[in-house]
Amino acid sequence: MSELARLDVERRDSLCLIRVHGEVDMSNADELASAMEGAVPNDAARLVVDLSHTIYLDSAGLRVLFVLAARLGARRQEMRLVVPEESPIRSALELTGLATVVPLERHLEDALATS
Amino acid sequence: MEPGAAQDRVIGPSRGAVPSRHAGRRTTVGPGLLTPATKMLLVAVVYYLAARLSLRLALVEENVTPLWPPTGIAVVAFLWFGRGVWPGVALAALLVNLPISTSALPAAATAAGNSLAPLAAAHLLTRVGFRPEIDRLRDAVAIVLAALSSMLISASVGTGALVLSDAIPGSDFGPAWAVWWAGDAMGVLVVAPFLLTLRLLRRGARASWARRWEAVGLFALITVVTLVVVRTELRILFLVLPLVGWAAWRFQQRGAAPAALLVSSMATWAVARDFGPLSEGTLLERMITLQAFNATVAFTSFVFAAVVAERMRAREALERSAGELEDRVRRRTSELSGANEQLACEVAERKETEAMLRERERQLAEAQHVARVGSWEWMIPQNRVTWSDEMYRIHGYGPQQFPLTFEKAVERVVKEDLGRIRRNVEAVVRERRDQDLPDIEYRIVRTDGAVRVLLGRGKFQVGPAGEPLRMVGTVQDVTDTKRAEREHRIAETLQRSLLPDRLPEIPGVLLAARYVPAGSEVQVGGDWYDVVPLPSGQVGLAIGDVAGHGLRAASTMGQLRMALRASALDEDSPATVVHRVHRLLERLDLYEMATLVYVVFDPDTGTIRYANAGHPPPMLIPEDGEARYLEEGLAPPLGAARRPDGYVEAAAVLPAGSTILLYTDGLVERRGVSLREGLDRLKTEAAAAAPDLDSLCDHLLASLVGDEVSDDIALLALRPVPLKGQSLHIRLPAEPHVLGRARQTLRRWLREAGADAQEIHDVVLACGEACANAIQHAYGAREGYVEVHLDMDQGEVRVTVRDSGSWRSTAPPGGGRGMELMRGMMDEVAVERGPEGTVVRMRRKLREGAPV
Numbered sequence: 001m002s003e004l005a006r007l008d009v010e011r012r013d014s015l016c017l018i019r020v021h022g023e024v025d026m027s028n029a030d031e032l033a034s035a036m037e038g039a040v041p042n043d044a045a046r047l048v049v050d051l052s053h054t055i056y057l058d059s060a061g062l063r064v065l066f067v068l069a070a071r072l073g074a075r076r077q078e079m080r081l082v083v084p085e086e087s088p089i090r091s092a093l094e095l096t097g098l099a100t101v102v103p104l105e106r107h108l109e110d111a112l113a114t115s
Numbered sequence: 116m117e118p119g120a121a122q123d124r125v126i127g128p129s130r131g132a133v134p135s136r137h138a139g140r141r142t143t144v145g146p147g148l149l150t151p152a153t154k155m156l157l158v159a160v161v162y163y164l165a166a167r168l169s170l171r172l173a174l175v176e177e178n179v180t181p182l183w184p185p186t187g188i189a190v191v192a193f194l195w196f197g198r199g200v201w202p203g204v205a206l207a208a209l210l211v212n213l214p215i216s217t218s219a220l221p222a223a224a225t226a227a228g229n230s231l232a233p234l235a236a237a238h239l240l241t242r243v244g245f246r247p248e249i250d251r252l253r254d255a256v257a258i259v260l261a262a263l264s265s266m267l268i269s270a271s272v273g274t275g276a277l278v279l280s281d282a283i284p285g286s287d288f289g290p291a292w293a294v295w296w297a298g299d300a301m302g303v304l305v306v307a308p309f310l311l312t313l314r315l316l317r318r319g320a321r322a323s324w325a326r327r328w329e330a331v332g333l334f335a336l337i338t339v340v341t342l343v344v345v346r347t348e349l350r351i352l353f354l355v356l357p358l359v360g361w362a363a364w365r366f367q368q369r370g371a372a373p374a375a376l377l378v379s380s381m382a383t384w385a386v387a388r389d390f391g392p393l394s395e396g397t398l399l400e401r402m403i404t405l406q407a408f409n410a411t412v413a414f415t416s417f418v419f420a421a422v423v424a425e426r427m428r429a430r431e432a433l434e435r436s437a438g439e440l441e442d443r444v445r446r447r448t449s450e451l452s453g454a455n456e457q458l459a460c461e462v463a464e465r466k467e468t469e470a471m472l473r474e475r476e477r478q479l480a481e482a483q484h485v486a487r488v489g490s491w492e493w494m495i496p497q498n499r500v501t502w503s504d505e506m507y508r509i510h511g512y513g514p515q516q517f518p519l520t521f522e523k524a525v526e527r528v529v530k531e532d533l534g535r536i537r538r539n540v541e542a543v544v545r546e547r548r549d550q551d552l553p554d555i556e557y558r559i560v561r562t563d564g565a566v567r568v569l570l571g572r573g574k575f576q577v578g579p580a581g582e583p584l585r586m587v588g589t590v591q592d593v594t595d596t597k598r599a600e601r602e603h604r605i606a607e608t609l610q611r612s613l614l615p616d617r618l619p620e621i622p623g624v625l626l627a628a629r630y631v632p633a634g635s636e637v638q639v640g641g642d643w644y645d646v647v648p649l650p651s652g653q654v655g656l657a658i659g660d661v662a663g664h665g666l667r668a669a670s671t672m673g674q675l676r677m678a679l680r681a682s683a684l685d686e687d688s689p690a691t692v693v694h695r696v697h698r699l700l701e702r703l704d705l706y707e708m709a710t711l712v713y714v715v716f717d718p719d720t721g722t723i724r725y726a727n728a729g730h731p732p733p734m735l736i737p738e739d740g741e742a743r744y745l746e747e748g749l750a751p752p753l754g755a756a757r758r759p760d761g762y763v764e765a766a767a768v769l770p771a772g773s774t775i776l777l778y779t780d781g782l783v784e785r786r787g788v789s790l791r792e793g794l795d796r797l798k799t800e801a802a803a804a805a806p807d808l809d810s811l812c813d814h815l816l817a818s819l820v821g822d823e824v825s826d827d828i829a830l831l832a833l834r835p836v837p838l839k840g841q842s843l844h845i846r847l848p849a850e851p852h853v854l855g856r857a858r859q860t861l862r863r864w865l866r867e868a869g870a871d872a873q874e875i876h877d878v879v880l881a882c883g884e885a886c887a888n889a890i891q892h893a894y895g896a897r898e899g900y901v902e903v904h905l906d907m908d909q910g911e912v913r914v915t916v917r918d919s920g921s922w923r924s925t926a927p928p929g930g931g932r933g934m935e936l937m938r939g940m941m942d943e944v945a946v947e948r949g950p951e952g953t954v955v956r957m958r959r960k961l962r963e964g965a966p967v
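Chains A and B supply the protein sequences, listed in that same order. Under the numbering used here, read the first sequence as residues 1 to 115, first letter to last. Under the numbering used here, read the second sequence as residues 116 to 967, first letter to last.
If you are wondering where the hints come from, they were derived from the structure by calculation, not from laboratory data. Since we're looking at a predicted model, the values are computed, not measured. The C-beta atom is built at its ideal place from N, Cα and C for all residues, glycine as well. Hints may be right or wrong, so weigh each one.
Take a look, some chain A residues computed to stay more than 12 Å from chain B by CB distance [said to hold, decoys possible]: (1) LEU15; (2) ASP25; (3) GLY73; (4) ALA74; (5) ALA92; (6) HIS107; (7) ALA113; (8) THR114.
If you want a taste of the chain B side facing chain A, the calculated C-beta under 7 Å gives, among others [as the list claims (entries may be wrong)]: (9) VAL646; (10) PRO650; (11) SER651; (12) LEU854; (13) GLY869; (14) ALA872; (15) GLN873; (16) HIS876; (17) LEU880; (18) GLU884; (19) ARG932; (20) GLY939.
Same shape as in the complex, but just chain A:
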């Protein structure tokens, strides 16, 4: 993984929590994708991607999220994103309609909570 972004993977019961720190652009988007895919076990019910510390996510990163969501959806696995209100990337994510595909929670607890 390049220095731009860092992944923290945490397993909580049937949850998989991935924290993305740093920036995601076309130079590391593919890496991010394979890392995230590799980190989600088949038996995990839900994947929570915490973008609280992601300061940059462009269309390449978005694509990754979209694709991942689609893949997980096909496997009947849930995916949730955590993007705080004050996060600068929120507007971009909302703009692209990601929210329609993946829930954009404002707080981690919300994403972790079973609905």
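Fit chain B to the supplied structure of chain A, relying on the hints for placement.
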């Protein structure tokens, strides 16, 4: 002999202008002062006087005298004054004869005869070329014959006149005639030579006193002896002869004639006075004796004198010619010796030249040997090749080992190269004119098996018809040079390839670097530098120095640089990076000692962190104020300590406008100058304010480095410039990995422009998308650049993203959100696509106004 005696007769008129009617006559000798009349008178007077004197010696009736001097006088007068004086002679003769003749007629006849006879004698003498000096035998003989023959006339006429005039009886004709003839003849023979020699006496050379005394003594002796012999009863007249002979021998005519005259006169006088042995017998007998005696004396005297004179002249001529010969010989000898000297000189010169030539030859051979150059000559028609000694040696033979033809000369050339040589030769031969052969490198196999590379040069010469005549040239063994050159080239190439060929463009940061290699005689060195833009947006600077030269140092340097790069991209801490490089050095068993400084500059915070492994300290040059060295963070050089305690790092602030300078020791180390002094000098020179980094570097090199560069020098300088207030211009290679850094710069600029966090993010995202588009679509597989330009205009951020590629139409699957994002983030987006490239222009108004 007088000097004039050997001259030829004077021919033609003498000085003194003898009148023209005498012109053409020979032997006109005579004082030009006397007029003809005077001469006649003189002759007449002398003749008369002499005649009167002589008559006293008469034997026959006072008419006939045994010695008649007037004939001699007349002959001499004719010889001296010419025939024109005959009236004087005739007159005088007449006057003489008149008293003693019976009548005028016989007197006249006698006179006529007495005039005619001398005239005839003179004429005869002149005809035969008689010389008055009587210094030749022929002259002596001539005068004798002339006298004897011409006096026949006078004797006959005179005696005839006497008989006819009854002065004497006819029976006495014979004796009278004999006496007359003898007397007249003797008159000539005795008197004429004497008179002629009087002239000689006048012109004679000064005789020495001894000679004079000799002459005097001799004549005295002659006188005495003659007196004795003519008066004594003994018949010893002949005793006079030796003395006369002596006179003739010693004094030639000048002695002989007077002596003869003296003796004859005395003898004649003796006869006339009836003395001595000449007084007995009949008149005829006495006459015969007397005449015989006189004749003998005359002969002895002047004939002998003439012979002696002639012999003397001959000897003189011989001596003269001998003298001339000697002169000539001497001259010739000196000429010869001169020529000989010259020859000797030339020979010496020739020897010197030869010696010089030989010396030159030796020097040439030596020079050839030292330079490993051999010379060759190929006489083409004869197919004869001549090699210099060195040429043989180059091929591995002994000098002049064997004679050569072309084939033998190229025997050892490697086959492939031989083809080239032959083609070159054929090419020039075809052109049929004088020209230089192209230089050719070819290989030979020496006799010891070594392959050597030779450089051949040559000239080709043709004869008058363009036929090949001669080739001449040199060959140099360049094997070692080529090897060295090759090695040097490799090292140079390696080093050059290991140094960054250009510095990265990092917005907001000025960079400058210099690399000055040492002089080309020194091999390439181990100095290096590098600028590593880090993903975090920070900038890594490194400079190092590997000990040693040549390929080894260059390759170590390359590995160090790569190691540093790799570590720098992974590690944030300079100390750690340096440590990792050191570990690599250890692990690779590279034992070279190397120094290294590694600096990390954070554009956001304006600080630097650095670690120094044994290298000269980096220098911080503030915008104002004194430069100082960053002397912390110090550790031993790489590879020096086996287990260093650990590399340390230190930090410093690098405000915008100040400069950090890294350099190698070539800049500050000089022979004879301590390192401290060099560092002080560097500090001094750095204080000279330079407007930009390039002029700073140039100034430092110019002032600190002289002409001779004995060690490599590397310089690296970095200066942060404030972005605030200026437009930002970034030029990025169209590659994904540059995006992170670019975003850092954009963020900084936007921050300084007064944008808030959201605005910063939005603008950066829009730019990022535009750049990503360009990277993805513009260039395909080619290299290219993306230019990003940010401007602030009245609170509005204006962005221009430009590429010079051609836009590919295919959009990536699932992509295409870029445009959506750009439009969402910016107030306005405009895309211009063209064959020259694509330009994306975007604008976003910031909430707050543009700060100053």
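Do the hints match the structure? See the list:
Every CB of chain B is more than 12 Å from the CB of LEU15(A) (nearest about 27 Å), matching its label as outside the interface. Non-interface call for ASP25(A) relative to chain B: violated, since the shortest CB-CB distance, roughly 5 Å, does not exceed 12 Å. With a cut of 12 Å on Cβ distances, GLY73(A) stays outside the contact zone with chain B, its closest approach being about 15 Å. The claim that ALA74(A) lies off the interface holds: its Cβ sits roughly 15 Å from the closest Cβ of chain B, which is beyond the 12 Å cut-off.
With a minimum CB-CB distance of about 6 Å to chain B, ALA92(A) fails to clear the 12 Å threshold, and the non-interface call is violated. Chain B leaves HIS107(A) outside its interface by the beta-carbon criterion, the shortest separation being 20 Å against a cut-off of 12 Å. For ALA113(A), the requirement that its beta carbon stay farther than 12 Å from each beta carbon of chain B is met, with the minimum near 28 Å. The Cβ of THR114(A) lies farther than 12 Å from every Cβ of chain B, with a closest approach of about 30 Å, so its non-interface assignment holds.
At a threshold of 7 Å, the smallest CB-CB gap from VAL646(B) to chain A is about 18 Å, leaving the interface hint violated. Here the hint on PRO650(B) is kept, as its CB sits about 4 Å from the closest CB of chain A, short of 7 Å. Checking SER651(B) against chain A by beta carbon gives a least distance of about 6 Å; that is within 7 Å, so the hint holds. The closest approach between the C-beta of LEU854(B) and any C-beta of chain A is roughly 5 Å, which is under the 7 Å cut-off, so the hint is satisfied.
Taking 7 Å as the C-beta cut-off, the interface hint given for GLY869(B) is violated, the closest approach to chain A being about 16 Å. For ALA872(B), the suggested interface contact is upheld, since its CB lies about 6 Å from the closest CB of chain A, less than 7 Å. Taken as an interface hint, GLN873(B) checks out: its beta carbon lies about 5 Å from the nearest beta carbon of chain A, inside 7 Å. At its closest, the beta carbon of HIS876(B) sits 3 Å from a beta carbon of chain A; the interface hint therefore holds under the 7 Å criterion.
Using the Cβ-Cβ criterion of 7 Å, the hint placing LEU880(B) at the interface with chain A is satisfied: the shortest such distance is roughly 6 Å. Satisfaction of the interface hint for GLU884(B) is found here, the shortest Cβ-Cβ separation to chain A being roughly 6 Å, below the 7 Å cut-off. Annotation: interface hint on ARG932(B) holds; nearest CB of chain A at approximately 4 Å, less than 7 Å. Annotation: interface hint on GLY939(B) holds; nearest CB of chain A at approximately 4 Å, less than 7 Å.
Checked against the numbered hints above, the structure breaks hints 2, 5, 9, 13 and satisfies the rest.
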